[in-house]
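Following the hints, complete the assembly by docking chain B onto the known chain A.
The primary structure of each chain is shown beneath.
There are 2 protein chains.
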Amino acid sequence: VKIEKIGEFGLIKLLRKKIFSKDRRIIVNIGDDAAVIKSSKDKLLILTTDALIEKVHFDLKYCTLLEVGWKSLVANLSDIAAMGGTPLAGVVSLGIPKKSEVGKVLTLYQGMQKAGKKYNCPLVGGDTVFSPKGLVISIAVLGEVKKESITTRSGAKQRDLVCVTGDLGLSQFGLELLKKIPRKTLKSTWIKKHLLPEPRIEESQFLVKNFRINSMIDISDGLSSEINHIANESKVGAIIYEEKIPINPLIQKNAKLINKSPLDLALNSGEEYELLFTLPEKYQKKLDSIKDFKISVIGKIVSAREGLKIVGKDGKKRNLEFKGYTHF
Amino acid sequence: VKIEKIGEFGLIKLLRKKIFSKDRRIIVNIGDDAAVIKSSKDKLLILTTDALIEKVHFDLKYCTLLEVGWKSLVANLSDIAAMGGTPLAGVVSLGIPKKSEVGKVLTLYQGMQKAGKKYNCPLVGGDTVFSPKGLVISIAVLGEVKKESITTRSGAKQRDLVCVTGDLGLSQFGLELLKKIPRKTLKSTWIKKHLLPEPRIEESQFLVKNFRINSMIDISDGLSSEINHIANESKVGAIIYEEKIPINPLIQKNAKLINKSPLDLALNSGEEYELLFTLPEKYQKKLDSIKDFKISVIGKIVSAREGLKIVGKDGKKRNLEFKGYTHF
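Protein chains in written order, with the numbering used here: chain A, 4 to 331; chain B, 4 to 331.
Treat the hints loosely; a few may be bogus.
It does not matter which identical chain is used: a pair holds within one copy or between any two.
[Claimed, not checked] Once the Cα atoms are required to be at most 27 Å apart in a straight line, the calculated DSS-like pairs of lysine-lysine come out as: (1) Lys183 x Lys101; (2) Lys136 x Lys182; (3) Lys58 x Lys107; (4) Lys20 x Lys238; (5) Lys149 x Lys25; (6) Lys319 x Lys256; (7) Lys303 x Lys8; (8) Lys263 x Lys21; (9) Lys263 x Lys46; (10) Lys107 x Lys160; (11) Lys16 x Lys326; (12) Lys5 x Lys326; (13) Lys107 x Lys5; (14) Lys247 x Lys183.
Hint data in this document are derived by calculation from the structure and do not stem from the laboratory.
Bound conformation, chain A alone:
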């Protein structure tokens, strides 16, 4: 069945039954002019939005609508995590071609819903419009954060440790493989991080509760680009040690398949959704004691005058080139 057949209100009715959920925080959800949500009394609000456009941010030749839906919400949840917060609710603006199959639109929403359920971010409403060319997905997420837990890009201080969660490089590796090689011949472990990334909400909550985090950002455009943002906003410099960068083990061996070096991938892979953060050096030991998830200390914050450097395995210091993803 095509969307134009059931019409706008038919679609809303379907989404209301299947997708949009109500929990104790949601006072009014889809089916009204706007959603009404209850937040905690002592918290501040976080608002963020991200857009994904077909053929620009994703290609249905190599990813499913469920994966696109999942990632479109995760990109926003990762921003909430980067601010030290937790999600409250999301709204979806969706542009779809008239000839879209209802089942396919539902699958896209189910991807969002699945991420929303896993990370406690119910979808509460939105706007579905006609798009003359391809899918256009824009999601906004509302979150909340304790005042003392807010982690901005601008709080890094000299001598801070520079840390990163998880490991890096796999997302771009997966994307480049998908562009070159039929998906069914690829190992699922190679492409999973690109297709179904996870926002580091739990990790962020653990960090803001147990440490004084001076600055934090999520890695959506690549480590080199994000460290540059922190340095600019905080008016500091940073030194990164190549040997300490947590390169994903799969790409250590296989980066040559896409003619890249593992280091290049780890420095510049976008859509990793890991957290990059800085905190006072006194926490070194306490960081080492974290067992529930992986954290690597990869460098330190220095003065702005010293700039952004990377120290190679040969011990030589070079300028850190910034080659992350940009939209234009």
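Only chain B this time, still in chain A's reference frame:
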């Protein structure tokens, strides 16, 4: 200068300087992963989103980028008003072609900014991405509302008065003229409501403070469509009196220019952004005493069994046909 020349970060820098504002409620704004906002302690939150796509929702042949920006925010502000709330902050997802002129993108944002300033809704962040074909604008607005002031679509009760703010029909009249006739030959009063509509935030605040409003909705798809939403959600029917519908005086005389009847326009014109609401009949006198803005009692709520009717000037009752705007 084209966008691709200054790049994504050049654009963000420019917007940060010129567009995105910070007031006492805004703790963190553009330039971080997400915005952080303070809300009032005793209030609930409202979240809404609306998307506008070039050639579907607007055509730059007959409207300016400033007007498009203005309207894209107003559509959201109107939803906040319809819930009985006031805006807190907005975020913008914008898809733009690579060859866009920086000055033009800035003008679009300035339209949003102008509406944001007038209606106290600062823009606090967003996401700017590449769109392969035309502008794609999606805005999400966060608002707040007192628990006792929430006005949904589902609270209408039998014997309620059905009321509408302002007058109706002019928005579609303006749009149809713009499609047919060069803009410069048109009177500005004919096209102003279509191009620069106003959200009824002040009116909504006055209403929820001074009356018990049982249901409310904004007229974005046309009166006939919106009364249908209230009836469905509230499980009631309604009778509307033709002679009481506040038809805009300009279209009374000129509707023939576009081969429509004034009544047809008043019933089905979308993007009016007037408020349609219902309240107990005991308020009739108090409504009459409102001097600051126009309110018309156009009918009453009846049982669901009686359906949706319109009583003509001849006194005859007909079914109210629903011909408002739908996206598919």
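Violated constraints from the hint list, given by number and in increasing order:
7, 8, 9, 10 and 14
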